[in-house]
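Work the whole structure out from these sequences, hints included.
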Amino acid sequence: MNITVSDIGTLRKQLTITIPADTLAERRNKLLERYAGSVQLKGFRPGKKPPRALLEKRLGPAVDDEASQNLIEEGFRQGIQENNLKPIGGITTDSSDRNNGITHVVSFEVRPDITLPAPGDIPVTIEDIQASDEDVESELADFAKRAGDYQDITGEEPLAEGDIATLSGSVSVDGSTVRDLHDLQHMLGSYPLLGLEPAEVLKTLGEKKVGDEASFTTTLPESFTPEEHVGKEASVAVTIQSARRLTPAPIDEDLAKRLGLESIDELRTRLRDMIQHRKQEELHNKQSDEVMDYLIANCQFDCPELLRESIIKQQREQKGDDATDEDINAEVDKDLRKHLLIEQIADDLQVEVTRQDVDQQIAMAAYQSGRKPEEVAKQLQESGRIQQVAAEIRSSKALGVFVESVVQAHSDTGSDSADEASADAETADAGDKE
86 MNITVSDIGT LRKQLTITIP ADTLAERRNK LLERYAGSVQ LKGFRPGKKP PRALLEKRLG
146 PAVDDEASQN LIEEGFRQGI QENNLKPIGG ITTDSSDRNN GITHVVSFEV RPDITLPAPG
206 DIPVTIEDIQ ASDEDVESEL ADFAKRAGDY QDITGEEPLA EGDIATLSGS VSVDGSTVRD
266 LHDLQHMLGS YPLLGLEPAE VLKTLGEKKV GDEASFTTTL PESFTPEEHV GKEASVAVTI
326 QSARRLTPAP IDEDLAKRLG LESIDELRTR LRDMIQHRKQ EELHNKQSDE VMDYLIANCQ
386 FDCPELLRES IIKQQREQKG DDATDEDINA EVDKDLRKHL LIEQIADDLQ VEVTRQDVDQ
446 QIAMAAYQSG RKPEEVAKQL QESGRIQQVA AEIRSSKALG VFVESVVQAH SDTGSDSADE
506 ASADAETADA GDKE
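Going by this note's numbering, the sequence shown opens with residue 86, and the numbers climb by one from there.
For the record, the hints were derived by calculation from the structure and aren't laboratory data. The beta carbon of each residue, even a glycine, is placed where N, CA and C say it ideally should be. Don't take each hint at face value.
[Said to hold, decoys possible] Cross-link-like lysine-lysine pairs, in silico, DSS-like; alpha carbons within 27 Å at most: (1) K171 <-> K482; (2) K482 <-> K364; (3) K419 <-> K404; (4) K171 <-> K398; (5) K317 <-> K371; (6) K98 <-> K398; (7) K398 <-> K419; (8) K463 <-> K371; (9) K98 <-> K463; (10) K423 <-> K398; (11) K463 <-> K482; (12) K364 <-> K463.
[Unchecked claim] Beta-carbon label-pair distances, calculated as ranges: (13) D297 <-> N414: 11 to 21 Å; (14) K364 <-> T200: 28 to 38 Å; (15) G94 <-> E460: 37 to 47 Å.
And the structure:
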């Protein structure tokens with residue numbers, strides 16, 4: 086077998102696989118021998134080989150195709166490995182001549198070789214993340230609200246942000262009522278009311294009491310019914326029928342025990358750990374974004390043009406008129422450059438995906454979807470997406486390790502600077518004593 090590789094453009098390769106007739110015949114004979122010992126043909130008992138002529142008649146064309154395809158695939162893999170090529174995107178068959186052996190020619194694009202900057206040269210945010218007492222108390226107060234109850238607002242108590250008001254009234258357009266309102270519930274300050282922005286709703290209904298009336302003008306939103314009045318100016322008049330206010334649960338031992346904890350201090354400890362973890366995740370995501378943005382902006386390399394055009398075409402078909410060509414092109418360019426950079430990082434760091442990595446990802450997907458891991462694994466195998474899952478895991482691991490190396494490089498630099506400053510101070514002190 087002879088394999089040659091030639092450049093046919095930027096990041097484009099053409100691979101020619103030449104398979105001699107005797108190599109093809111040898112592979113074909115081996116396949117026929119293998120099938121002769123296992124194939125079941127009418128009139129022949131199991132284990133007895135049928136005559137060669139009968140095998141040729143029954144299996145000849147299929148064996149021809151299998152032998153040819155196997156050798157072509159082996160040649161392709163050999164060419165890729167020996168020339169250290171990294172194909173990306175589709176593979177096009179340019180020609181395939183099967184007279185007196187096989188001459189099979191394919192073309193494809195390859196990933197660029199990218200030179201990554203040293204981790205210490207990449208700017209990144211370094212912060213000492215701590216959950217403060219204020220953070221804990223704020224989280225505890227929010228939790229107490231979620232564990233609280235709504236109670237009716239009575240008497241002369243005015244409405245405030247967060248209260249839920251039950252309204253009745255009407256909506257009028259050009260002096261004619263287009264909709265009557267009955268038992269319309271609205272949480273003040275949380276979302277628009279018939280197109281009126283939350284801040285304006287608070288100005289209109291805030292400080293009002295149960296039984297009071299209010300009116301306002303608004304542009305009716307797309308969700309309004311009847312639909313023929315959407316976008317029109319309307320006058321709205323409402324009466325506050327009733328209102329409820331959230332009363333937070335008391336922050337005491339009972340609140341902790343409702344969660345199966347022994348004390349309110351234990352709840353505070355749990356909340357502190359949760360806040361700490363959340364802040365660390367937020368910082369890690371911020372650092373990942375900073376590192377990738379820097380690499381995308383500062384690493385110079387070409388992108389596979391055919392793959393880029395294919396993705397752009399696909400995005401245009403999916404988004405239609407919802408996005409401009411300029412926006413789609415910019416998004417595709419950024420995503421493709423990010424993908425190529427992460428692939429280079431994974432290669433440089435020699436990141437591998439283990440069976441345990443895949444099993445953990447499947448277990449997580451199963452938990453989130455309420456299914457058994459075996460069901461998720463079977464679905465991924467049958468759909469052919471298991472390789473995609475492995476690729477996503479590899480990308481995630483690679484980026485995580487690289488970002489950590491960037492953070493560590495800056496942390497080490499900070500430590501060295503601190504040590505040098507301390508040494509300088511000690512030297513200065515010694516000089517003063519002399």
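Hint-by-hint comparison with the structure:
no.: 1; hint: K171 <-> K482; result: holds, 20 Å
no.: 2; hint: K482 <-> K364; result: holds, 20 Å
no.: 3; hint: K419 <-> K404; result: holds, 17 Å
no.: 4; hint: K171 <-> K398; result: holds, 23 Å
no.: 5; hint: K317 <-> K371; result: violated, 43 Å
no.: 6; hint: K98 <-> K398; result: holds, 23 Å
no.: 7; hint: K398 <-> K419; result: holds, 16 Å
no.: 8; hint: K463 <-> K371; result: violated, 35 Å
no.: 9; hint: K98 <-> K463; result: violated, 36 Å
no.: 10; hint: K423 <-> K398; result: holds, 19 Å
no.: 11; hint: K463 <-> K482; result: holds, 24 Å
no.: 12; hint: K364 <-> K463; result: violated, 36 Å
no.: 13; hint: D297 <-> N414: 11 to 21 Å; result: violated, 55 Å
no.: 14; hint: K364 <-> T200: 28 to 38 Å; result: holds, 34 Å
no.: 15; hint: G94 <-> E460: 37 to 47 Å; result: holds, 45 Å
Checked against the numbered hints above, the structure violates hints 5, 8, 9, 12, 13; every other hint is satisfied.
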